[in-house]
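A.B. asks: Same order as they appear, the protein sequences are chains P and E. Sequential numbering from 338 applies to the first sequence in my numbering. Sequential numbering from 3 applies to the second sequence in my numbering.
Quick caveat, the hints were computed from the structure, so don't treat them as lab data. This structure is a prediction, so every number in the text was calculated from the model and none was measured. Beta carbons: idealized from backbone N, C-alpha and C, even for Gly. Treat the hints loosely; a few may be bogus.
[Stated by the list, open to error] Here are the simulated distance ranges between beta carbons: (1) P:637 with E:349: 53 to 61 Å; (2) P:360 with E:195: 46 to 54 Å; (3) P:443 with E:458: 19 to 27 Å; (4) E:269 with P:361: 54 to 62 Å; (5) E:350 with P:443: 34 to 42 Å; (6) P:361 with E:489: 52 to 60 Å; (7) P:395 with E:404: 32 to 40 Å.
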Amino acid sequence: MSNELIFLLLFLAPVVSSIPIALAYKNKGWTDKLPYLSVFGIFISVVMSIYILVNLDGQYTYSWIPDLGINFVFMIDYLSSYMGVITAVIAFFIAIYGLEYMKGDYRPSWYWFCFNLFTASMLLVVYSDNLFLLFVGWEGLGAASWGLIGHWFRDDDDIAYVGKAGRKVGPLEFSWPPSFGGWRAISTIRFGDVPMFLAIAAIWVFAGTLNISEINWHTLFITLGAAGTIILMVCLLMGLFTKSAQVPFCEWLMTAMTGPTTVSALLHSATMVAAGAFVFLKLTWYIEPWHMHDVPGVEYVFIFVLAIGLLSGFYGALCGTGMRERKVLLASSTMSSIGLMFAAAATSYWIEIEVAGMNLALLVAFWYMAIHAFAKASLFLVAGHLIHGTHSRFLCGDFEFGKRMKTAFAVTLIASSFLVGIPLLTAYWVKSSMDVLYEHLWHHHDMTLPLVLLIVISLLYSAVLAKFLSLNFIKGEKPKHEHLEGGGLMKLGYVLMVAMLFVISCGIILFEEAEHFRHAGGEVMSIGVGLAIFAVFVVAVYKPSISALSRFGSFLSDRMYLPYLNDYILPKIGFFISHILDDYVNPAIDGFFNTKVIPGLFGWTSRRVRSIQSGYLSRYINIVLGLVMIILVIVVILVRGVWQ
Amino acid sequence: MIMLYVLLLPLIVVCIAPLLSSKKATYLSAISFLLPFFAILYCILKGCTPEISIVTLSAPIGEIYLNFDYISHAFGLTICIVSAMVALYALPYMVHRFEEMELNVESEFKKYIFLYQFYAVSMLWLVYSGNLILLYVFLEIALITAFFLIYFYGYGNRQWVGQLYLIWSLIAGVLALAGIIIIGVTNGTLALNALVPPFATVGMIAWTLIFIGMVIELPVVGPHVWLPWAHAESPTPLSALLSPLTVGLAGYVLLRIALIDYSFIAAYRMPIIIYAIFSSIYAGFSVFKQTDFKRLLAYSTVSQMGYMLVALCLGPFGLVGLVIQYMSHAFGKSILFSSAGGIIAVHHGLRDLNKMGGLHDSIPTLSNAAVIGFLNLGGMLTIGMIGEFFILRGVVETFGISMKSLPILLAVIFMFILSVWYGFYTVRKVFYGKPKDTKRLEISRYYYVPLFIIGIVSVLFVFPPLSTALIPGLNSLIQTLMGLQVAAVGGVLP
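Full structure from sequences and hints, please.
C.D. replies: See below:
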């Protein structure tokens with residue numbers, strides 16, 4: 338098979354296979370059957386991505402607008418070849434789950450079209466080397482995620498809301514419907530996308546190429562100088578941070594939980610939110626910041642990313658401890674994980690340790706991303722099944738319930754314990770290497786705070802997932818409704834998903850580049866942190882909620898009142914400006930030109946002129962006499978002026 | 003020569019269409035624009051850019067000819083596809099409108115189709131005019147036909163609105179004409195192929211006159227107040243041409259003049275760009291408060307025209323961005339006005355945003371079309387994306403990346419963000435949320451199929467082969483013309 342065809346199939350199969358269902362939106366018979374075709378389209382992508390992993394390597398270029406350096410350039414390197422498979426596989430498993438979960442939905446065509454468009458866009462982001470092409474995928478993610486989050490546009494089902502309906506905190510109602518979730522997602526994302534686009538345009542100007550792997554980043558940064566570099570990179574990072582829901586752009590991720598659970602799983606595990614972190618990884622991979630200590634400005638950029646990453650990690654994990662909604666809790670923990678990925682990748686500036694020819698910091702960030710993707714997707718899928726089974730989006734479920742939902746229980750146990758870093762389980766090894774990175778910062782660069790924060794985040798994170806496990810299956814309230822029949826495909830979806838964690842474990846045992854993970858797992862500090870995480874996990878499972886702290890908990894579950902920024906302060910400012918402009922300035926200009934002043938002047942002049950023509954003789958005589966008088970006065974003045 | 007016949011076709015149809023029944027006339031009109039559309043596409047793909055001379059007059063007019071370069075092609079194909087699709091869309095809409103106005107449908111349709119066709123064809127010929135005086139003539143024809151359409155078939159206080167539109171556009175036109183005459187007198191010709199940079203100059207007075215005229219036509223904040231009236235109260239098929247195509251032609255005129263002599267823009271770049279950004283952001287904020295859907299779209303037009311004026315200030319890449327921005331706005335806004343009209347037709351004159359919400363349930367097709375429209379305006383996934391990219395490149399080339407240029411960069415960024423914000427805000431307000439009526443209404447295919455065709459075209463232009471052919475062509479033409487100017491000045495034109 339030619340390579341061109343491989344790439345065409347990879348990206349187009351999902352999109353093309355979902356066009357039939359989009360066209361058949363009116364016919365219920367077809368929309369029941371055609372989702373299978375859409376899933377098949379994603380399956381083709383899976384096959385292609387595996388083929389690429391095995392057979393292709395290096396850069397592939399197909400022309401688009403070659404004169405301007407805009408081309409279809411795909412880079413098959415370590416990151417993209419694995420990430421491509423991860424993305425496609427996760428999307429495929431979620432799609433299988435979705436076949437049952439979305440059955441009987443009121444607009445299947447919309448859902449499947451957006452779902453597949455989303456998958457294709459993410460694959461584009463993963464593989465493309467050309468920044469413009471990457472941005473096409475990036476915008477596709479934005480648009481498709483808007484469609485998916487706001488999928489239940491009718492806002493008529495409480496199960497799709499985030500926050501308790503009618504609950505007011507101050508003047509603001511802390512409850513968000515799906516259509517609002519979608520709007521907020523796209524407005525936040527767009528806020529970062531345009532600066533990112535500007536940064537890409539700037540790279541186009543100053544580097545002369547758009548291909549990430551061909552840009553001479555060193556020269557580029559030197560040309561721009563310190564201020565230029567910082568502006569460029571911050572603009573670029575705006576796109577990544579908004580997409581990845583880092584502080585303070587994280588609100589959209591919480592309200593994005595208004596989408597169907599499959600969407601939450603897809604968007605918030607391996608794709609959308611990870612896209613920001615992934616692109617950062619990819620850029621850092623080629624920027625090679627560890628060689629840039631002589632370039633002014635670069636250090637600030639990486640400190641900035643480290644700070645934002647750790648701050649988001651801390652904020653997400655802390656808020657997660659107070660959350661009561663299943664999916665929002667998971668979203669909050671996702672945000673925390675993504676923060677850790679950003680932070681780990683940012684440490685590459687100071688880390689020069691190489692493993693199998695690759696920078697350790699980037700490897701850690703990438704492997705953590707992979708583990709997180711499968712674990713979090715499994716948890717989301719379970720959450721969806723629970724929401725179906727209990728008709729509640731709040732945490733609930735006692736041990737009896739847990740026993741009836743054995744598969745879900747087991748999957749949650751595996752996914753959460755494997756993800757938090759309990760010794761010997763998958764994430765432990767990667768987390769150990771992460772500890773080593775931060776220890777390095779502490780010993781060699783006098784940065785203690787990152788290490789402290791990392792440990793605190795890890796502990797909180799462990800507590801959050803343990804709480805999820807406990808309150809859903811062990812110690813939660815008894816669910817009000819239970820209907821547990823069916824769910825075969827859903828179970829299949831999350832069992833397959835969680836099974837991938839074992840595959841990754843094999844990778845940690847076998848792969849050459851995982852050598853450092855294995856080694857770091859044996860360090861005293863890693864073992865200590867791991868055991869502490871384990872202890873917290875056990876305690877949190879045993880005592881998932883502390884009633885004495887409930888007020889603090891609701892402060893946390895209100896995301897420390899950050900929604901005020903998004904829903905109150907900014908809109909108030911915006912609408913105030915609109916109000917001034919449209920209620921005062923526009924009518925004033927309109928009044929001046931169109932309705933009052935100028936038409937009035939014309940009317941006035943016209944009336945004056947017409948009033949002359951009254952038809953009475955006396956009027957004309959008066960006018961003539963008046964004119965004669967005026968002329969006389971003028972003549973007198975002139976004559977006197979001449980004589981003197 | 004074939005291109006000439008292809009362009010003559012819609013002109014001939016102006017005379018034939020009124021003789022036919024409404025359905026036949028509509029199809030004839032659509033075909034008469036689709037044929038040129040495909041011809042232009044063929045031209046773009048093959049890279050043929052002929053000039054067809056019609057007649058040569060004495061100075062100061064010079065040669066009158068048709069100019070088929072990439073810029074004209076880009077504008078021309080936009081006009082063709084939008085006019086063709088809106089012609090189809092208008093069939094049920096205008097019939098509905100005539101019935102609403104209690105007029106005789108068949109006889110009124112004859113008047114209407116004549117005006118519509120004449121209006122659209124004059125814009126098409128305008129962009130292919132190789133002579134400024136010819137260009138002016140078509141500008142005026144477009145103006146007058148549009149005036150009649152508003153005057154006869156508009157909504158609300160239509161006669162007043164029609165006159166308002168006529169007066170404003172006449173002021174704009176006369177100012178431009180004065181400028182054009184000055185150009186003709188100083189250079190001895192008005193033919194574009196003779197007005198090439200090293201020899202031709204556009205004096206400061208001529209530039210000022212044309213600039214003010216076209217800025218009124220465009221419009222920017224200040225004189226913008228005529229546009230919400232005209233675009234909101236005109237019959238929707240007219241809105242769907244007026245707003246996407248006609249006002250943007252002011253940008254076309256400015257572009258042509260800038261390609262002759264860029265000195266005016268280079269001299270007053272800062273004030274112009276600040277005004278343009280201000281205008282765009284001002285209009286963007288105004289959008290949020292509108293309660294009439296069509297008026298809302300009209301304000302969004304003002305905001306988008308600000309983009310074009312910004313692009314004008316940004317050197318060669320900005321000018322390429324201007325052309326693409328015109329295309330993307332035309333595609334997007336024609337879809338949006340048509341979907342607004344669809345709501346009016348289907349929901350019995352519904353225009354008030356406060357009474358909308360959840361309309362997606364009754365008219366999913368129009369709702370999805372509107373989303374594509376707003377994607378176009380926001381420059382997401384459609385041709386607008388390339389336009390935005392060029393404009394951003396222009397900003398960087400002109401101002402650089404430094405602390406000093408930061409305010410301008412941020413302002414431009416915010417300007418672009420704003421259009422997606424109001425776009426999706428509007429989508430949510432109009433189409434999503436709790437539906438008042440979940441019954442799906444059966445609507446005529448004419449109302450939505452043409453919109454999706456425009457949408458598909460707007461997406462196709464991002465990808466090969468269309469973008470591969472069009473964008474380098476545009477870029478090299480504009481770079482060459484700007485390069486000549488740089489050579490003439492003997493310096494560096496930023």
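A.B. asks: Against this structure, judge whether each hint is valid.
C.D. replies: Quick rundown of the hints versus the structure:
no.: 1; hint: P:637 with E:349: 53 to 61 Å; verdict: holds, 55 Å
no.: 2; hint: P:360 with E:195: 46 to 54 Å; verdict: holds, 47 Å
no.: 3; hint: P:443 with E:458: 19 to 27 Å; verdict: holds, 26 Å
no.: 4; hint: E:269 with P:361: 54 to 62 Å; verdict: holds, 59 Å
no.: 5; hint: E:350 with P:443: 34 to 42 Å; verdict: violated, 25 Å
no.: 6; hint: P:361 with E:489: 52 to 60 Å; verdict: holds, 59 Å
no.: 7; hint: P:395 with E:404: 32 to 40 Å; verdict: holds, 36 Å
Consistency with the previously given hints fails for number 5 only.
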